[in-house]
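J.: Now for the letters of each chain:
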Amino acid sequence: MAVTKDDVLEEIRDQLEAIKVPGAKEATPDNTWSELDVDSLDLVELVKSLEDRFGVTISDDDLKPIESVGAAIELTMRLVDAKEGSPA
Amino acid sequence: MTPRASSHPGEHVDIAITGRGVVSSIAEGPDAFFDALLDRKSGVVDGSAPCSDFDPTTAMNAKAARRSDRYTQLAVCAAAQATAEAGLPNDVDPERLAVIMGTGIGGLKTLVDECEAFLGGGLRAVSPLFVPMMMPNAAAGMIAIELGAHGPSFSVSSACATGSHAIGEAKRMIERGEADVVVAGGTEAAMVPLCMAAFERMGALSREGVSRPFDKRRDGFVMGEGAGCIVLERGDLARERGAKIFGYVAGYGASSDAFHMTQPDETGRGAEKAMRAALADAGVEPSEVGYINAHGTSTPFNDKIETLAIHSVFNGGSPPVSSTKSAIGHLLGAAGAVEAVAVLGALDRGILPPTLNFGEPDPECDLDYVPDGPREAPGLELALSNSFGFGGQNACLAIRKA
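The listed protein sequences derive, respectively, from chains Z and Y. Residue numbering for the first sequence follows this note's numbering, beginning at 1 and increasing consecutively. Residue numbering for the second sequence follows this note's numbering, beginning at 1001 and increasing consecutively.
Chain Y extracted, bound-state conformation (with noise of 0.2 Å):
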């Protein structure tokens, strides 16, 4: 592999997506995932939304299967997809190639199966494969493996917005010139009974297991699991070696409220914030937009100020708004990472992904969120997807078409 200059900090790059993977309840793989979005398909049942068809074997032999969390299982299915349609590693140089996979939680389920091992049976009852199954970098790291990536791998976390941190992250990393390729996404298995019990408790879940996200009698998000991923690419070389590009990463943005653990800011200053950087990062108006993918979570209070904060950016003039997770509810780290693999099929197909079980509208969520979608959306070029997660940390990426 002949090495290829590296950009120079500052240099104008623009980063190019030349792979795409997901891993949902609703269908594996970007295509099958947006066209279940765009069948109304929805991946709750009984109140969660598990990815029950997926076999880990299909993209990993069985011995690290078994040696990953099914967090990292995830990861690696859904970053097997989008290397797969990069291209990757073949088409580059490995010492440019980086990973960054992020999770809001990490290994969970095997947290808990080893606290009980403990307990049980004392330091011999412990696995020597807890740590690296555990370990929030462990998705990151299986993946650079499989990869033979040897430029930077680590995870991100930001509970709720993860997944988009991650992709806003690795188009910083290319444009500061550390990497040409990264590997990039998020991915989420929390649904063990510790961790549903827990958001239970904090009133975080629908009561009635019922994911509709703006509609006025949403009561809470529906816990879903699962991973997205997406290769970004320096758009000169992806373009160089003849890769098929589907769409780009025109601007990131991320921002804190610094007010409530679990509360957005009332005043949506925080989520505002962030659409308003990623729009200065892509250098573009908020009347360029054609569509935002929401964080829309079916919280009470996550929609209205998200709502409020759409408000704020367009001043009256927003385009149509969408939540993914009112089909396959909400898979936290993982959330951002699937969405922006959802708003890269509305953007290649111009067609608006619905939002699910919207009946009743709520005075306080008064934007168009396409309740009977799938809508046609011709001529739309540029969209936003956002993420808000728990600490009050929020990202929000512009993806724009090919």
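Bound-form chain Z, shown alone (with noise of 0.2 Å):
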């Protein structure tokens, strides 16, 4: 099944809920890192997730302009479609 931006946001919201970031559940893509008070170290652990959620490789230069959800959102979509070959 394919992968949709919501499935993203759900998981990114379940990250930041298990790292105990206040207000995870209703984070939404406007949301910047800085807002939600995410630091580095909480984003290698969100990085992991979602790799490990959506089987992708998140380098450290695709991470580094990425500063809100919904950033984050679109840079996993990119890496779902680039693996699977599909039309961006």
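Hints are not guaranteed to be accurate.
BS3-like mimics (lysine-lysine), calculated; alpha carbons at most 27 Å apart, straight line [what the hints assert, rightly or not]:
| # | chain 1 | residue 1 | chain 2 | residue 2 |
| --- | --- | --- | --- | --- |
| 1 | Z | K25 | Z | K48 |
| 2 | Z | K5 | Z | K48 |
| 3 | Y | K1401 | Y | K1244 |
| 4 | Z | K20 | Z | K48 |
| 5 | Z | K20 | Z | K83 |
| 6 | Y | K1401 | Z | K64 |
| 7 | Y | K1041 | Y | K1401 |
| 8 | Z | K64 | Z | K20 |
| 9 | Y | K1063 | Z | K25 |
| 10 | Z | K20 | Y | K1063 |
| 11 | Z | K20 | Y | K1109 |
| 12 | Y | K1216 | Z | K48 |
| 13 | Z | K64 | Z | K25 |
| 14 | Y | K1216 | Y | K1041 |
| 15 | Y | K1401 | Z | K48 |
| 16 | Z | K83 | Z | K48 |
| 17 | Y | K1063 | Y | K1401 |
| 18 | Z | K20 | Z | K5 |
Hints are computed from structural coordinates only; laboratory data are not their basis.
Each of the two chains sits in its own frame; use the hints to bring them together as a complex.
T.: Next up, the structure:
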């Protein structure tokens, strides 16, 4: 079944919840990491959960410009699409 | 905050204690803890003394708690009690506020968990939080963050003497003029199977599972966990800001056996030297000491040699001696700090806490160990607290009534 943006958002919310970020379940694509008080160590855990769930590899270079939930969703979708060879 | 004049090295300053905190198996909070000691309450269950009811989120938010090893959680909670009692950080200059929070071992549970994760899953299975959770200075760092304390902050480590070294070095820091207020203490959460196995293999743990210091039947210590913390402060500044003073760290003495990694020097000279140094630092004679809170681990060696050392210092005139470890087990790096809080209780209320489980005297342990306590001690003004660590590292605090 094709991965949707909602799937990725749900995974991000679950991981934010797991690392005890306040308001994790209400996180929206517009939220920045700064707004959510998510730091670089949290991002390492978040990336691992996305990699494990969607079977992609997110490099440090990929991650650098990612500053919001929405940008992380876009990045993950791009990598999933590339992996599955489907058109972007 | 108006900058205050700092003390200068060599200038005499008295070191007031303006806050106390304890997390232990018998109680949380300094007054509840001392009440539990007087009630002869024991935290030992099935041969160890865990802090079963401890909830870190009473003192830190859920995210910070998740990112902290249990040893840090315990320390932050004890520090929160002590700093709240002292009115920190509101009343002091954050640039002059320091933290010395020691641990004997550090984040051992985290180390074990991450080793298992690494061996099972390789690099990607290792948490990015591993190092900041495991490192032995994490507790001091977290307390400084919580307080916004910008003075020196670090850990000290001397195994089972850690808590006393931390408090003693905090006293020195203030005397050197490097800080006006120091949040100091010790913390330990080493009750993981690996560590229990290691102490067991070493023959240090009680096979019977009973902490009975100075009793002839003693056969080792009982492992406990917890944290103790006090706020030390330049006496003049504490009085100036109207802080309640619970006692004074009057003297600190430290020494090294330089003898054996785990056994005390059989002559007791290392322990003796630490006690003499604490008395000299306080400028008092042995006869002025009304109570000794012993290291009193319940190991055959320690209790015999500590008794010998006390005899050497007090020359037949030893005051009553008791061991807090009879109630809460051995808190390793936290022991000295928790026991300092017990001493403050004894001084404040004029009551000596008992040594529990003492029933069969040992000819080689022939002091008054307050087995019948608690015992009234009217006029108690000054007490010693002994701590002796693996590595032959000894520390003694002389604590004076407020």
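J.: So, for every hint listed, does it hold in this structure?
T.: To see whether the hints hold, each was checked on the structure:
1. Z:K25 x Z:K48: Between Z:K25 and Z:K48 the Cα gap is close to 19 Å, so the pair holds against 27 Å.
2. Z:K5 x Z:K48: holds (18 Å)
3. Y:K1401 x Y:K1244: holds (13 Å)
4. Z:K20 x Z:K48: Distance ~16 Å between Z:K20 and Z:K48 Cα, so the pair holds.
5. Z:K20 x Z:K83: Outside the cut-off at roughly 31 Å; violated.
6. Y:K1401 x Z:K64: Outside the cut-off at roughly 58 Å; violated.
7. Y:K1041 x Y:K1401: Holds, because 25 Å separates the two Cα atoms, which is no more than 27 Å.
8. Z:K64 x Z:K20: Cα-Cα ~23 Å, so holds.
9. Y:K1063 x Z:K25: The hint holds at about 15 Å.
10. Z:K20 x Y:K1063: This hinted pair holds, its Cα atoms lying about 5 Å apart.
11. Z:K20 x Y:K1109: holds (20 Å)
12. Y:K1216 x Z:K48: Since the Cα atoms of Y:K1216 and Z:K48 sit roughly 56 Å apart, the hinted pair is violated (cutoff 27 Å).
13. Z:K64 x Z:K25: holds (24 Å)
14. Y:K1216 x Y:K1041: holds (22 Å)
15. Y:K1401 x Z:K48: Distance of about 55 Å is beyond 27 Å: violated.
16. Z:K83 x Z:K48: holds (17 Å)
17. Y:K1063 x Y:K1401: violated (40 Å)
18. Z:K20 x Z:K5: Distance ~23 Å between Z:K20 and Z:K5 Cα, so the pair holds.
Checked against the numbered hints given earlier, the structure breaks hints 5, 6, 12, 15 and 17 and satisfies all the rest.
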